Amino acid sequence: MALIVQKYGGTSVGSTERIINVAEKIMATRSQGHDVVVVVSAMSGETNRLVALAKSVAEPPKAREFDVLLATGEQVTISLLSMALEARGCPARSYTGAQVHILTDNVHTKARILEIDDQRIHADLAQGTVVVVAGFQGIDSEGNITTLGRGGSDTTAVALAAALKAEECQIYTDVDGVYTTDPRIVSDARRLNQLCFEEMLEMASLGAKVLQIRSVEFASKYNVPLRVLSSFEEGLGTLIASEDISMEQALISGIAFNRDEAKLTLLGVPDKPGIAYQILGHIADANIEVDMIVQNIGADGSTDFTFTVHRNDYQSALNILHNTAKELGVREIQSDNQIAKISLVGVGMRSHAGIASTMFKALAEEGINIQMISTSEIKISVVVHEKYLELGVRVLHAAFNLDKAA
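The number in the numbering used here is simply the position in the sequence shown, starting from 1, with 1262 added.
Keep in mind the hints are simulated off the structure, nothing from the lab. Note that this is a predicted model, so its numbers are computed, not measured. Treat the hints loosely; a few may be bogus.
In silico DSSO-like cross-links for lysine-lysine, where the CA-CA straight-line distance does not exceed 30 Å [said to hold, decoys possible]: (1) Lys-1623 x Lys-1483; (2) Lys-1427 x Lys-1483; (3) Lys-1317 x Lys-1372; (4) Lys-1483 x Lys-1471; (5) Lys-1588 x Lys-1623; (6) Lys-1641 x Lys-1483; (7) Lys-1471 x Lys-1666.
Simulated restraints on C-beta separations [stated by the list, open to error]: (8) Arg-1612 x Gly-1295: 50 to 58 Å; (9) Ala-1385 x Ser-1578: 46 to 54 Å; (10) Glu-1321 x Ile-1537: 34 to 42 Å.
Virtual Cβ for every residue (Gly too), placed ideally from N, Cα, C.
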């Protein structure tokens, strides 16, 4: 029998009624002749409750003990789901990450999976048992409980699917797939039947919130087909797989966007080797991630250097730049924390010219000024004032006919 790994997020298991609904979905999958391994998150709101408890007794809480506490959220869900399955005549066994030996490194609160011992799971599957595994957690080489960080249950599910050589890893959430863009902004946004890993990685990194980027990276590395499905309605969802089995050859697959951007510019920077490192080295030392970078060479031998950061890091980065400016003799610093990034994503870009010109023309016709541009093989990103974000997304969605199937 083909093996399916299913992952259910916090919203999907947010109440006992929803846990029973999940149990019925699992049984329906089994009735189609599949073995099933299930990965679950903590019930919605539970992790936040545990974080608040920790902070009420220690600020900041010790990382090792914090992981011990957070891991209990998923333990509640695995036991309740296993009870619900057993009560309906379906054999089930629950396991924590430690019990199925999901071995991680020892970086508490953001550990990475190193190895999975699949023997116990295979033994249960051979007996016709549904295996229910706690997501988001593992154990290090010294026996300490670890957690995988934000979105860690997705990563657990994909890692198990890879280790068990599952036919598919199904990610159940509160949406019924990946859309051409956010339906809350574009009412005729269309659910995509299929995406390749590269496209999904770009969309996840550029602001699409459907899948956690680490899980997509893992799936791509081990070639594990992912399917995003709704816990609350029937449907085929969106399949994310390798490009060579992709059926859709759309020019543009989707539009991703990010509101949380800020832009910093140094004017009159000396044009000499190593200047970019002198500017960004201090930013990196402060653990601030830089996104887009643009450097312009002036006729007077100086350069203007612009880069973007997450809006949460804006003030810290600005403070660092004031010190850097004094060191380098920079003429002026300009900053703007009211920008947004809009990105076109699609493997079809590789073989089609004119994508950029169509994008720029559509934005220009609406009077939307482009402040920065960044490109890759399958992506074009532009920075605009945040007040134009939603208009820009709607205009581009229409310009590339994303409401219509390829």
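A quick look at each hint next to the structure:
1. A hinted pair counts as satisfied when its Cα atoms are at most 30 Å apart, and Lys-1623 with Lys-1483 does not qualify at roughly 37 Å.
2. Using a Cα cut-off of 30 Å, the hinted pair Lys-1427 and Lys-1483 holds, with the two alpha carbons roughly 13 Å apart.
3. Between Lys-1317 and Lys-1372 the alpha-carbon distance is near 18 Å, which keeps this suggested pair within the 30 Å criterion.
4. Distance check on the hinted pair: Lys-1483 and Lys-1471 sit about 20 Å apart at the alpha-carbon level, within 30 Å; holds.
5. Proposed proximity of Lys-1588 and Lys-1623 is contradicted: the alpha carbons are some 40 Å apart, above 30 Å.
6. Distance check on the hinted pair: Lys-1641 and Lys-1483 sit about 20 Å apart at the alpha-carbon level, within 30 Å; holds.
7. Proposed proximity of Lys-1471 and Lys-1666 is supported: the alpha carbons are some 23 Å apart, at most 30 Å.
8. In this structure, Arg-1612 and Gly-1295 break the distance hint of 50 to 58 Å, their C-beta atoms being roughly 39 Å apart.
9. Separation of Ala-1385 from Ser-1578 is about 51 Å and conforms to the stated range, judged on CB atoms against 46 to 54 Å.
10. In this structure the supplied range 34 to 42 Å holds for Glu-1321 paired with Ile-1537, their Cβ-Cβ distance being about 40 Å.
The structure does not agree with the numbered hints 1, 5 and 8 stated previously, though it agrees with the rest.
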